[in-house]
Amino acid sequence: MKEKEQIFFEKFKDKFTKIIKKKKRNYFNVKNKDLIEIADYLFNTMKCRLSICTATEVYDGLEVLYHFTDDTTGTYYNPRVKTSLKNPEINSITPIIEGANWIEREMYDLFGIKFKGHQDLKKLLTINSPEFSEDDHPMRFKRNQKVKVKSQK
Amino acid sequence: MSKCRIPLGPFHPLLEEAEFFNIKVEGEKVVDIEMETGWMHRGHEKISETKTFTQSIFLVERICGICSTSHPFACVNAIEDIDNIEIPERAKYIRVLIGELERIHSHLLWVCLAGHFIGYDTLWMWAWKYREPILQLSEMITGNRNHYAMMRVGGVGRDFDNSLIPKIIPVLDMIEKKMVMLAGAANDDPVLRSRLKGVGVLTKEDAINYCANGPTARASGVDIDVRRDDPTAYEVVDVKVIVTPNGDVYDKLVVRVLEIIESCHIIKQCLKAFEKVQGPIINKVKEISPGEGIGRYEAPRGEVFHYIRSDGSNRPLRHKVRAPSFSNIPTYKASCVGIPLADALITLASVDPCYCCTERSIKAFDINGKKIEHNLLHLSRKKTERLQRELIPKEKSLIDGIFDLSLSR
Numbered sequence: 003m004k005e006k007e008q009i010f011f012e013k014f015k016d017k018f019t020k021i022i023k024k025k026k027r028n029y030f031n032v033k034n035k036d037l038i039e040i041a042d043y044l045f046n047t048m049k050c051r052l053s054i055c056t057a058t059e060v061y062d063g064l065e066v067l068y069h070f071t072d073d074t075t076g077t078y079y080n081p082r083v084k085t086s087l088k089n090p091e092i093n094s095i096t097p098i099i100e101g102a103n104w105i106e107r108e109m110y111d112l113f114g115i116k117f118k119g120h121q122d123l124k125k126l127l128t129i130n131s132p133e134f135s136e137d138d139h140p141m142r143f144k145r146n147q148k149v150k151v152k153s154q155k
Numbered sequence: 031m032s033k034c035r036i037p038l039g040p041f042h043p044l045l046e047e048a049e050f051f052n053i054k055v056e057g058e059k060v061v062d063i064e065m066e067t068g069w070m071h072r073g074h075e076k077i078s079e080t081k082t083f084t085q086s087i088f089l090v091e092r093i094c095g096i097c098s099t100s101h102p103f104a105c106v107n108a109i110e111d112i113d114n115i116e117i118p119e120r121a122k123y124i125r126v127l128i129g130e131l132e133r134i135h136s137h138l139l140w141v142c143l144a145g146h147f148i149g150y151d152t153l154w155m156w157a158w159k160y161r162e163p164i165l166q167l168s169e170m171i172t173g174n175r176n177h178y179a180m181m182r183v184g185g186v187g188r189d190f191d192n193s194l195i196p197k198i199i200p201v202l203d204m205i206e207k208k209m210v211m212l213a214g215a216a217n218d219d220p221v222l223r224s225r226l227k228g229v230g231v232l233t234k235e236d237a238i239n240y241c242a243n244g245p246t247a248r249a250s251g252v253d254i255d256v257r258r259d260d261p262t263a264y265e266v267v268d269v270k271v272i273v274t275p276n277g278d279v280y281d282k283l284v285v286r287v288l289e290i291i292e293s294c295h296i297i298k299q300c301l302k303a304f305e306k307v308q309g310p311i312i313n314k315v316k317e318i319s320p321g322e323g324i325g326r327y328e329a330p331r332g333e334v335f336h337y338i339r340s341d342g343s344n345r346p347l348r349h350k351v352r353a354p355s356f357s358n359i360p361t362y363k364a365s366c367v368g369i370p371l372a373d374a375l376i377t378l379a380s381v382d383p384c385y386c387c388t389e390r391s392i393k394a395f396d397i398n399g400k401k402i403e404h405n406l407l408h409l410s411r412k413k414t415e416r417l418q419r420e421l422i423p424k425e426k427s428l429i430d431g432i433f434d435l436s437l438s439r
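Protein chains in written order, with the working numbering: chain A, 3 to 155; chain B, 31 to 439.
The set of hints was computed from the structure by calculation and includes no laboratory data.
Don't take every hint at face value.
Simulated coverage check for chain A against chain B, where a stretch passes if three residues somewhere in it have a Cβ under 8 Å from a Cβ of chain B [said to hold, decoys possible]:
1. 6-20
2. 34-42
3. 70-77
4. 88-101
5. 129-137
Please read these numbers as outputs of a predicted model, since none were measured by experiment.
Cβ atoms here follow ideal geometry from the backbone N, Cα and C, with glycine treated the same way.
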């Protein structure tokens, strides 16, 4: 079981930066152009399951952490992809993994990250809410807040 | 064949979060299904960033009313994962005990609602009757029937009273016996079998491709269970993972019924251990260092996932929550297409989204907006009645004759 992990890290060692290894948890940074190849290897060759992705806004941009879990060992592989604050765009992995469809739609909704190659990229959670317009992404720190004025009777 | 569109929701009993299903049918057959969500978005992740770590635990407990201990369980796992905090052994057993009691009553809830949807209200009443003692046990152990508030970072908040053991064991024996009876009834009854067997099949490939988890995946032959694969408290007990190969609604029922029996076994292991394992129930945690942690727990519906990033202060910088239904609900697309409309209801319900009230907002309209059909529950029940007529030829007994006589008067 350990071998699978070692083969993976040796195969892609040029493409990973800032590897953090903890007990059963591996975090590493990857570039946007390598993401599809790595996701494909994790999902189809190593038979990992995509639990969820976490988008976070940090001081110098947005980052997306993909949580792939290997259920035979209980190990998490977390590739981290960074993108800019102004025009956030990341390659979509939905063509490879059908389960990423809603996950990417949720991140587009809450953070405004555009996923290149997603067939049906629209809002998921605030799609029918009158409070949020199409460009309004509620989890961003500086968002275009609409000021609602209640009419006083 | 005329096509028509059936709106299901947005405020609908089948759905954990209020969602909108747009079912397209051709005659009786479902040809396409689309989903929209977003009526129940409460912003827990954003609120959690303004709360301290301890307050976050009680916040996430309010996400779900049925499996209320699963979110705090995963949340404390995530916080403990940042610093690799160890918890005392007695606390591990208490966590397992609460988690398994909850699994029993949550699965019983699914069984009774599944019975209700196919027109077996007797099954509903039975399951409800057996669920009540479990809730009373929860109240004895934690002080609450639901929302137990037991989880703390580093342990649990309340000790288990060893004198309760003689009261718990008879209830578990009763549940186990009744579940064997229920499994036998499901196996013997030809109507129940033909309503559930081969209905709404989710193949193994689809389950893997849609990243399904929990009983939904296990019924399709995917051998995953967080309790065994990545245990954080469950390493102290033996867990047998139940996997069935077919992926239909019948297998989902079998998995859940067998898991109830397995949960009883796990609780008995805990009760045995409580007599030997004494000692503290919580390790005091003063501060959380900067870093990130992943915690997960096998809730009754599947894998609950929590990710917490800390910057060294007393509140999380980012708190990501993923409930199991988020991964399981999109599998409708694979399992519902091509089946008769009368089976759509039980297939939609088979992944166990939470239900609240019943059949209020299902209406069928044709393309001009005219109401044309009864609701899905009615359709589903009519099919069961028809099968009852076909499969069990009625032999009139003496007592039936009396009933007919009284009706004709």
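So, going through the hints one by one against the coordinates:
{"no.": "1", "hint": "6-20", "result": "violated (count 0)"}
{"no.": "2", "hint": "34-42", "result": "violated (count 0)"}
{"no.": "3", "hint": "70-77", "result": "holds (count 5)"}
{"no.": "4", "hint": "88-101", "result": "holds (count 3)"}
{"no.": "5", "hint": "129-137", "result": "holds (count 3)"}
Comparing the model with each earlier hint shows violations of hints 1 and 2; every other hint is respected.
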